[in-house]
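Peer 1: Same order as they appear, the protein sequences are chains E and P. Going by our numbering, the first residue of the first sequence is number 1, and it counts up by one from there. Going by our numbering, the first residue of the second sequence is number 1, and it counts up by one from there.
Simulated from the structure, these hints should not be mistaken for lab results. Treat each hint with caution, since some may be false.
[Said to hold, decoys possible] Examples of chain E residues toward chain P, derived with CB under 8 Å:
1. Glu15
2. Pro44
3. Gly108
Beta carbons are placed, not taken as given, at the ideal position from N, Cα and C, and that holds for glycine.
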Amino acid sequence: DQQVKQNSPSLSVQEGRISILNCDYTNSMFDYFLWYKKYPAEGPTFLISISSIKDKNEDGRFTVFLNKSAKHLSLHIVPSQPGDSAVYFCAAIPANAGGTSYGKLTFGQGTILTVHP
Amino acid sequence: DTEVTQTPKHLVMGMTNKKSLKCEQHMGHRAMYWYKQKAKKPPELMFVYSYEKLSINESVPSRFSPECPNSSLLNLHLHALQPEDSALYLCASSQVGLAWDTQYFGPGTRLTVL
Chain E
1 DQQVKQNSPS
11 LSVQEGRISI
21 LNCDYTNSMF
31 DYFLWYKKYP
41 AEGPTFLISI
51 SSIKDKNEDG
61 RFTVFLNKSA
71 KHLSLHIVPS
81 QPGDSAVYFC
91 AAIPANAGGT
101 SYGKLTFGQG
111 TILTVHP
Chain P
1 DTEVTQTPKH
11 LVMGMTNKKS
21 LKCEQHMGHR
31 AMYWYKQKAK
41 KPPELMFVYS
51 YEKLSINESV
61 PSRFSPECPN
71 SSLLNLHLHA
81 LQPEDSALYL
91 CASSQVGLAW
101 DTQYFGPGTR
111 LTVL
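Make the full structure from the sequences, and use the hints.
Peer 2: Given below as structure tokens:
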């Protein structure tokens, strides 16, 4: 049962254009969402996060949008650069009634982003 | 500094061997994690330590034995592994382990079980 889904295994974008990576989730207990980037032979690198009380969070070229009613989030990268080529993982954490969940990250399958010069 | 280090980088072991993976962070984080990642799959949580106590064990087989000797170190002891345990083992840390703490990952140990 995949609770976090990234339905596009890969995405190819021209340098300078916008990259949009999508993620859907099924668990309504998820309260906090993160995007990680991963290069081969390296661990995931944190990019940006969003709490369920917000619908948008921006950090430089990266913006994450959250649509709670649709259980959907997306990561926008503008402008895309060749160095952005990597695997992007969406991840989610549930919060229990006490507000703690000991960081039980659930990852999506990942989307391979390729940015062409 | 958001560095989590892991040793060794690569490990090859037989099914009867005993080996250990090490993870270290000096960010003052009090929560540390072990994840397992198989090829073309997302990372899957194995264990969570919070304030040096085991908080979560995701039903991991007993041939994997975690240990947190102090707040900076996390070990994963391996014994009698199976070939299907071959994977990338990732360590992560976060401030205290709350839902909104960002987890910072190490580069991983690539384990091959023969």
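Peer 1: For every hint, state whether the structure bears it out.
Peer 2: Hint check:
1. Glu15: Constraint on glutamate 15/E not satisfied, violated at 26 Å.
2. Pro44: 5 Å, holds
3. Gly108: 6 Å, holds
Of the hints listed earlier, the one the structure fails to meet is number 1.
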